[in-house]
Amino acid sequence: MIDRAGEKIESIVPHEGPGVRINARPADGFLPDEPRGILQCENVDVYYGSFRAVTGVDLKFGLHEITALIGPSGCGKSTLLRSLNRMNDLVDGARVEGRVLFDGEDIYGSKVDAIEVRRRIGMVFQKPNPFPKSIYDNIAYGPRVTGMRVDSMDDLVEEALTKAALWGEVKDKLKQSAYSLSGGQQQRLCIARTIAVKPDVILMDEPCSALDPIATVRIEDLMHELRREYTIVIVTHNMQQAARVADRTAFFTAFADEGTGDRTGVLVEFGKTTQIFEHPTDQRTEDYISGRFG
Amino acid sequence: MRTLGGTIDGAIRPERPLASGTNGERRPAPLTFLVLLWLSLVVAFGVLVTLIVTIIIDGQGQFTGRLLSEYPASSPDRAGARPAILGSAWVIATTAIMTIPLGIAAAVHLEEFADKRNWFNRMIELNVQNLAAVPSIVYGLLALAFLSLLGVRDKNIVIGGALALSLLILPVIIIATREALRAVPTEIREGSLALGATQWQTTWRQTLPSAVPGIATGSILALSRALGEAAPLLVLGALVFVSFDPSGILSGYTTLPIQIFNWTGRPQEGFHQLAAATSVLLLGVLVLMNGLAIYIRNRFQKRW
Ligand SMILES: Nc1ncnc2c1ncn2[C@@H]1O[C@H](COP(=O)(O)OP(=O)(O)OP(=O)(O)O)[C@@H](O)[C@H]1O
Ligand SMILES: [Mg+2]
Numbered sequence: 000m001i002d003r004a005g006e007k008i009e010s011i012v013p014h015e016g017p018g019v020r021i022n023a024r025p026a027d028g029f030l031p032d033e034p035r036g037i038l039q040c041e042n043v044d045v046y047y048g049s050f051r052a053v054t055g056v057d058l059k060f061g062l063h064e065i066t067a068l069i070g071p072s073g074c075g076k077s078t079l080l081r082s083l084n085r086m087n088d089l090v091d092g093a094r095v096e097g098r099v100l101f102d103g104e105d106i107y108g109s110k111v112d113a114i115e116v117r118r119r120i121g122m123v124f125q126k127p128n129p130f131p132k133s134i135y136d137n138i139a140y141g142p143r144v145t146g147m148r149v150d151s152m153d154d155l156v157e158e159a160l161t162k163a164a165l166w167g168e169v170k171d172k173l174k175q176s177a178y179s180l181s182g183g184q185q186q187r188l189c190i191a192r193t194i195a196v197k198p199d200v201i202l203m204d205e206p207c208s209a210l211d212p213i214a215t216v217r218i219e220d221l222m223h224e225l226r227r228e229y230t231i232v233i234v235t236h237n238m239q240q241a242a243r244v245a246d247r248t249a250f251f252t253a254f255a256d257e258g259t260g261d262r263t264g265v266l267v268e269f270g271k272t273t274q275i276f277e278h279p280t281d282q283r284t285e286d287y288i289s290g291r292f293g
Numbered sequence: 000m001r002t003l004g005g006t007i008d009g010a011i012r013p014e015r016p017l018a019s020g021t022n023g024e025r026r027p028a029p030l031t032f033l034v035l036l037w038l039s040l041v042v043a044f045g046v047l048v049t050l051i052v053t054i055i056i057d058g059q060g061q062f063t064g065r066l067l068s069e070y071p072a073s074s075p076d077r078a079g080a081r082p083a084i085l086g087s088a089w090v091i092a093t094t095a096i097m098t099i100p101l102g103i104a105a106a107v108h109l110e111e112f113a114d115k116r117n118w119f120n121r122m123i124e125l126n127v128q129n130l131a132a133v134p135s136i137v138y139g140l141l142a143l144a145f146l147s148l149l150g151v152r153d154k155n156i157v158i159g160g161a162l163a164l165s166l167l168i169l170p171v172i173i174i175a176t177r178e179a180l181r182a183v184p185t186e187i188r189e190g191s192l193a194l195g196a197t198q199w200q201t202t203w204r205q206t207l208p209s210a211v212p213g214i215a216t217g218s219i220l221a222l223s224r225a226l227g228e229a230a231p232l233l234v235l236g237a238l239v240f241v242s243f244d245p246s247g248i249l250s251g252y253t254t255l256p257i258q259i260f261n262w263t264g265r266p267q268e269g270f271h272q273l274a275a276a277t278s279v280l281l282l283g284v285l286v287l288m289n290g291l292a293i294y295i296r297n298r299f300q301k302r303w
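Residue numbers (numbering that gives the first Met the number 0), protein chains in the order written: chain G, 0 to 293; chain V, 0 to 303.
Treat the hints as calculated values from the structure; they're not laboratory data.
Sample of chain G residues facing chain V (criterion: CB under 10 angstroms; computed from the structure):
(1) Asn84
(2) Leu89
(3) Gly92
(4) Arg117
(5) Met122
(6) Pro129
(7) Pro131
(8) Gly141
(9) Pro142
(10) Ala195
(11) Leu202
Label-pair ranges, simulated between beta-carbon atoms:
(12) V:Arg15 <-> G:Asp220: 52 to 62 angstroms
(13) G:Asp220 <-> V:Trp199: 35 to 45 angstroms
(14) V:Val151 <-> G:Met147: 49 to 59 angstroms
(15) G:Glu104 <-> V:Leu149: 49 to 59 angstroms
(16) V:Ala92 <-> G:Arg262: 55 to 65 angstroms
(17) G:Tyr178 <-> V:Ala72: 58 to 68 angstroms
(18) G:Ser176 <-> V:Leu125: 33 to 43 angstroms
(19) V:Phe32 <-> G:Asp211: 40 to 50 angstroms
(20) G:Asp91 <-> V:Ala132: 25 to 35 angstroms
All residues carry an ideal CB built from backbone N, CA and C; glycine is no exception.
Just chain G, with the same shape it has in the complex:
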């Protein structure tokens, strides 16, 4: 696995030419030009109080695809991601304008239950955040609180851990505290926990930034596995990572908005990862991925 990662990393040569060259991934040939959007942003603005953090985002996240959001720090990637499953509702004063459509339905619609939105659109955070409970209870928590009907919780726990490639490592210590796991294992536990409630979409905010390279590779492999069943959106600072895992990539940047006086994030360019990294159409994208700014 490490070898494979090594090979992947080698094939991406940063600071060479306009873009970062990557190997065409096998899926690319089958990737439709337009994503079949399961989740879609229509002219989305996100505000914190009167501060406009992100503006005018139009994006489609394709079904069973991995979409990466990249861009310099502070351009609003996390903000946009958190508005995709209404996590930003929890921030006092945060508000979304425009529409976020999930399966054609606006998740900010007046009749929509934010709890159900978060159940269907799960989230994995930057820092592994297992609950202070046993490994087993970490997985079982979601199904329990959402009132999922399960025939056998044991089976569900095994299934989730297996899908998250963690079962082999923890099957003999399910009753132990989740805190006894390593950082990488904790992060896979958090992914397993998310899978256990059977969401349609998984949002990941820099899921590997607290992990070492080996754990990172494991999570990336896992994402490739998960893509068969789930739609994944990942924020990453690591362009090689975006190049390795994402089918499509969206590049954001922040500009000084003269109207509001804020530094506001905008979507610069969105396309297939190969296109974004090899033939960016926007100068800012090209500068960013070739390491000239950001």
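Let chain G serve as the given structure and place chain V with the ligands on it in line with the hints.
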């Protein structure tokens, strides 16, 4: 010798050798400061030890089983603090039952549910902080006014005293609970909510359980403060001479601090010794309670 050390805007700092044979912490200024810190500690600790030793010496003659089992009497040789001990237990238990759930609920609302940018919530928050600093006698007066309003004639009852003490420690419990809740990382809440749990489930199953040690510690410390209070109870007309066991929340009562207050005011030397012995008893209980609080904190507090 080579001079290390970088330059900032052309400024050059002469480097001292590492092995200069001196200790930077032992130069006059830091040394003076250290000595002052030590002195304050010695003074504070000295006063405390003197006080405790004095009352132990004063009270040693009266520290017998009689203190626990007998009722007050006109002769110090026959008197005990039994009603005061039971009275304190009744009042503190009632206070705990009244205050702890209320304090936790208020703190949970303020910390987990209230919009912190709302001016009204901010005002409440500020005032809770202020209330914790109000002198205890004021709460006695407040309870007195409240009971009068309700038309309670005999205000010297367990529930009356508990009301005054509850008002006194409610802000303390609210603050302690909020601290404990705040110590639970946001990531835990977010992790729970991101799975489709409600705010309520998140609070009930994740945040509160993690905060229990902190809440318990804070509550015990608050109750130990209430246990030592006499002023608000005296305002309510607490009896100073009780020769019966309190039998319920509507029963008359006296408490340890009031019993001490009473005996100290008597002319006979024997009563002063009784007061000292009772003080030692009260101190012992307080030390035990604080010890328990510290134990809970160290044993169960989560390190995130
Ligand atoms: N809770 C908040 N309240 C107010 N402003 C916020 C909040 N969270 C983020 N912001 C602001 O929104 C802007 C975008 O932040 P965001 O965290 O989305 O950036 P990011 O692209 O994820 O950056 P990074 O790559 O460093 O994680 C920043 O200017 C930030 O200061
Ligand atoms: Mg971020």
